[in-house]
Amino acid sequence: MRFNTDLFEFLKQKALWVRQETLKIHKIAPETRLASSLSDVEIFVVLYYGGILNFNSKDIHWQERDRFIISKGHGAISLYPILANLGFFSKEELKNVCKEDSMLGSIPDNIPGFETINGSLGHGLGVGCGMALALKRKKIKAKVFILSGDGELNEGSVWEAIMFASHHKLDNIILIIDNNKMSMLGYQKDILDLEPLEEKFNVFNWESKVINGHDMEELYLALNHFKKNKSKQPMVLIANTQKGKGVSQLENDPLCHIKSLKEDEIDNILKELK
Amino acid sequence: MNNIPIKTMRDALIEQIFDKMHKNEAIFFLSADFGAPALDALKEKFKDRFINVGIAEQNLINLSTGLALEGFIVYAYGIAPFLAMRAYEQIRINLSLSAQIKEINVNLIGVGTGVSYDVSGPTHHCLEDITIIRSLPTFIVFSPSDWILSEKFVDFSINIQKPKYIRLDGKPLPPIYNKIENFNLENGFYELVQGEQICLVSTGYMTHKALKIAKDLHGGNIGVIDVFLLKPIKEDLLFDSLKKYKFIVTLEEAFMNKGGLDSLMLNILKNKNSSIKLKNLGFKDEYIFESGGRNYLHKLNHLDEINIIKTIEECK
Chain A
1 MRFNTDLFEF LKQKALWVRQ ETLKIHKIAP ETRLASSLSD VEIFVVLYYG GILNFNSKDI
61 HWQERDRFII SKGHGAISLY PILANLGFFS KEELKNVCKE DSMLGSIPDN IPGFETINGS
121 LGHGLGVGCG MALALKRKKI KAKVFILSGD GELNEGSVWE AIMFASHHKL DNIILIIDNN
181 KMSMLGYQKD ILDLEPLEEK FNVFNWESKV INGHDMEELY LALNHFKKNK SKQPMVLIAN
241 TQKGKGVSQL ENDPLCHIKS LKEDEIDNIL KELK
Chain B
1 MNNIPIKTMR DALIEQIFDK MHKNEAIFFL SADFGAPALD ALKEKFKDRF INVGIAEQNL
61 INLSTGLALE GFIVYAYGIA PFLAMRAYEQ IRINLSLSAQ IKEINVNLIG VGTGVSYDVS
121 GPTHHCLEDI TIIRSLPTFI VFSPSDWILS EKFVDFSINI QKPKYIRLDG KPLPPIYNKI
181 ENFNLENGFY ELVQGEQICL VSTGYMTHKA LKIAKDLHGG NIGVIDVFLL KPIKEDLLFD
241 SLKKYKFIVT LEEAFMNKGG LDSLMLNILK NKNSSIKLKN LGFKDEYIFE SGGRNYLHKL
301 NHLDEINIIK TIEECK
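If you read the sequences in order, they're chains A and B.
Residue 262 in the numbering used here sits at position 262 of the first sequence; the count goes up by one each step and never skips.
Residue 289 in the numbering used here sits at position 289 of the second sequence; the count goes up by one each step and never skips.
There could be a bad hint or two in this list.
Said to hold, decoys possible - Computed cross-link-like contacts, DSS-like style, restricted to lysine-lysine with a CA-CA straight-line distance of at most 27 Å:
1) A:Lys136 with B:Lys23
2) B:Lys47 with A:Lys139
3) A:Lys139 with B:Lys20
4) B:Lys234 with B:Lys299
5) B:Lys102 with B:Lys45
6) A:Lys245 with A:Lys274
7) A:Lys99 with A:Lys271
8) A:Lys169 with B:Lys152
9) B:Lys215 with B:Lys20
10) B:Lys244 with B:Lys299
11) B:Lys243 with A:Lys138
12) B:Lys102 with A:Lys99
13) B:Lys244 with A:Lys141
14) B:Lys45 with A:Lys136
15) A:Lys91 with A:Lys141
16) A:Lys139 with A:Lys230
17) A:Lys136 with B:Lys20
18) B:Lys246 with B:Lys258
19) B:Lys23 with A:Lys230
20) B:Lys215 with B:Lys277
21) A:Lys169 with A:Lys230
22) A:Lys136 with B:Lys47
23) B:Lys102 with A:Lys136
24) A:Lys12 with A:Lys91
25) A:Lys138 with B:Lys20
26) B:Lys246 with B:Lys234
27) B:Lys162 with A:Lys139
Unchecked claim - Part of the chain B face toward chain A, derived, beta carbon under 7 Å:
28) Ser98
29) Ser263
30) Thr311
Unchecked claim - Every beta carbon over 10 Å from chain B, so not counted as near; a handful from chain A, in silico:
31) Asn110
32) Ile117
33) Val127
34) Cys129
35) Gly156
36) Glu160
37) Lys181
38) Asp190
39) Asn202
40) Trp206
If you are wondering where the hints come from, they were derived from the structure by calculation, not from laboratory data.
Don't be surprised by glycine CBs; every beta carbon is placed ideally from N, CA and C.
Kindly generate the complete structure, drawing on both the sequences and the hints.
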């Protein structure tokens with residue numbers, strides 16, 4: 001698939017729809033982390049609708065599938081509508097998020113389409129490295145994608161895995177960092193400054209690329225490049241994003257992580273969202 | 001049978017895994033930069049299935065999880081206190097929690113339980129592992145008293161798709177189970193000495209001490225039950241062996257009254273409405289900064305032979 005105007009329009013419409021659906025979920029389940037689930041919308045859309053990820057929603061254990069680990073589990077409410085739309089589970093489930101006996105909680109765990117247990121930060125990359133080793137051993141050409149938050153990089157276990165991945169030349173690893181520059185209580189630069197982030201990965205022998213994580217074309221081209229990459233290094237895509245993207249009440253609010261919106265606010269946003 | 005050697009549990013275990021790796025290509029062996037004489041051959045022969053992950057226990061567990069989710073059988077090897085406690089959240093989430101919904105065959109091999117690393121001090125003593133790993137759903141906890149049991153763990157572990165923790169003593173020890181045939185590993189315990197009235201119930205290293213005391217008190221009719229499977233427990237079966245006794249003395253290199261072997265036995269007695277009395281011996285609720293060998297550390301905690309015998313006498 002080439003990136004052209006048609007694909008761009010298609011992905012743009014999908015992103016708008018995902019934001020709308022995410023807000024609707026938040027309306028019935030205010031416990032969900034809305035702002036964190038809005039910074040990664042374009043990442044999910046390009047992966048699932050841009051032909052990047054190989055998946056089979058009717059056979060979730062298909063051996064040749066790309067593995068996708070969502071390490072920032074709390075920020076994956078926006079993935080629920082996508083997975084339902086693609087047939088991983090029934091769309092009816094979206095109406096019951098956080099309700100009694102629902103499969104979908106505020107953090108995804110045992111849900112078709114999710115490879116691992118999520119919710120505690122700093123585990124995804126290490127588990128992904130284990131999967132990457134396994135795929136190489138099984139001679140399966142699929143990739144292991146991991147979505148991590150930037151705040152998550154504070155966890156020491158992530159750096160154990162960063163060292164491991166490059167030492168073992170795990171070139172089937174694609175780490176995507178949703179770099180929204182905030183964690184729960186404020187800006188990363190004020191808490192534990194991660195910059196210069198790309199340089200850090202480079203000195204750990206990772207191939208890297210920094211892009212605007214809301215720009216469909218940049219995401220599409222970078223991820224396609226990584227999929228075909230022959231550099232024998234693990235790859236990191238630092239996607240600069242904005243927490244709460246698309247909702248002015250959340251954007252630039254340092255405490256947006258824990259902010260819930262009221263029902264009437266959500267109704268108004270849904271009318272204005274473009 | 002007199003030629004059965006004194007051996008470390010880890011060497012026996014690794015030799016057995018090495019043997020299995022020739023036939024079973026699904027086995028990986030990961031180490032957190034920790035060795036054993038028997039590991040050298042394995043490392044050399046299976047370069048692609050042995051990985052030294054470095055001094056990184058958290059990543060050791062996460063890598064093992066990723067491999068196991070893809071269907072591999074993993075042995076993850078390290079120093080017991082660091083494996084069980086440095087990586088506890090990785091163990092809890094990626095192994096225990098995940099195993100409730102997926103098949104995961106990861107076998108944690110912790111070396112140096114109790115005070116087998118006596119002179120290395122409290123960072124290397126491992127007196128909490130029974131309690132904390134037993135508290136995890138889906139986990140199997142195996143605590144062998146000799147290298148023969150340790151070796152037998154391998155066959156047992158390959159076919160059970162669950163996370164397991166095998167806690168090994170760090171020191172070479174003589175065999176116990178060389179003269180015992182036809183015992184069932186899955187029963188989880190074995191009555192090594194049939195006694196009357198008083199029974200020593202022990203796990204790991206302390207079983208050697210229990211056997212010595214039962215022998216020294218010849219004519220005292222002291223029974224010895226070695227409990228090597230600390231989770232799950234076959235409660236009915238174990239109680240069948242216990243019920244002929246009036247007193248039980250539990251012996252373990254673990255903190256007392258905190259969910260170790262003592263708690264496990266008390267629980268059985270409670271569930272069975274039993275009138276058997278129990279006295280527990282183990283480590284006090286404090287870390288040991290005094291340097292010294294194992295016997296000295298035992299003495300500080302009334303786990304030396306004289307004190308154990310005194311406790312037995314008090315039961316009479």
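Do the hints match the structure? See the list:
1. A:Lys136 with B:Lys23: 20 Å, holds
2. B:Lys47 with A:Lys139: Holds: lysine 47 (chain B) and lysine 139 (chain A) sit about 17 Å apart, inside 27 Å.
3. A:Lys139 with B:Lys20: Between lysine 139 (chain A) and lysine 20 (chain B) the Cα gap is close to 22 Å, so the pair holds against 27 Å.
4. B:Lys234 with B:Lys299: Not OK: lysine 234 (chain B) and lysine 299 (chain B) at ~32 Å, beyond 27 Å, violated.
5. B:Lys102 with B:Lys45: 31 Å, violated
6. A:Lys245 with A:Lys274: Holds, at about 12 Å.
7. A:Lys99 with A:Lys271: 26 Å, holds
8. A:Lys169 with B:Lys152: Since the Cα atoms of lysine 169 (chain A) and lysine 152 (chain B) sit roughly 36 Å apart, the hinted pair is violated (cutoff 27 Å).
9. B:Lys215 with B:Lys20: Violated. Lysine 215 (chain B) to lysine 20 (chain B) sits at ~37 Å, over the 27 Å cutoff.
10. B:Lys244 with B:Lys299: 30 Å, violated
11. B:Lys243 with A:Lys138: 52 Å, violated
12. B:Lys102 with A:Lys99: Given pair lysine 102 (chain B), lysine 99 (chain A) holds - Cα atoms ~24 Å apart, limit 27 Å.
13. B:Lys244 with A:Lys141: Given pair lysine 244 (chain B), lysine 141 (chain A) is violated - Cα atoms ~62 Å apart, limit 27 Å.
14. B:Lys45 with A:Lys136: Distance ~19 Å between lysine 45 (chain B) and lysine 136 (chain A) Cα, so the pair holds.
15. A:Lys91 with A:Lys141: At roughly 31 Å apart (the allowed maximum being 27 Å), lysine 141 (chain A) and lysine 91 (chain A) break the hint.
16. A:Lys139 with A:Lys230: 16 Å, holds
17. A:Lys136 with B:Lys20: 22 Å, holds
18. B:Lys246 with B:Lys258: 23 Å, holds
19. B:Lys23 with A:Lys230: Not satisfied, since the Cα-Cα distance of roughly 33 Å exceeds 27 Å.
20. B:Lys215 with B:Lys277: OK: lysine 215 (chain B) and lysine 277 (chain B) at ~22 Å, within 27 Å.
21. A:Lys169 with A:Lys230: With a Cα-Cα distance of about 11 Å, the restraint between lysine 169 (chain A) and lysine 230 (chain A) holds, given a limit of 27 Å.
22. A:Lys136 with B:Lys47: 14 Å, holds
23. B:Lys102 with A:Lys136: Status holds; Cα separation ~22 Å.
24. A:Lys12 with A:Lys91: 21 Å, holds
25. A:Lys138 with B:Lys20: 19 Å, holds
26. B:Lys246 with B:Lys234: 20 Å, holds
27. B:Lys162 with A:Lys139: 25 Å, holds
28. Ser98: Hint holds; serine 98 (chain B) Cβ to chain A Cβ min 5 Å, cut 7 Å.
29. Ser263: 28 Å, violated
30. Thr311: 43 Å, violated
31. Asn110: 5 Å, violated
32. Ile117: 5 Å, violated
33. Val127: 4 Å, violated
34. Cys129: 6 Å, violated
35. Gly156: 7 Å, violated
36. Glu160: Violated, because the least Cβ-Cβ distance between glutamate 160 (chain A) and chain B comes to about 4 Å, which does not exceed 10 Å.
37. Lys181: Label holds. Min Cβ-Cβ 25 Å, cutoff 10 Å.
38. Asp190: 26 Å, holds
39. Asn202: Holds, because the least Cβ-Cβ distance between asparagine 202 (chain A) and chain B comes to about 21 Å, which exceeds 10 Å.
40. Trp206: Tryptophan 206 (chain A) is indeed farther than 10 Å from all Cβ atoms of chain B, at 16 Å.
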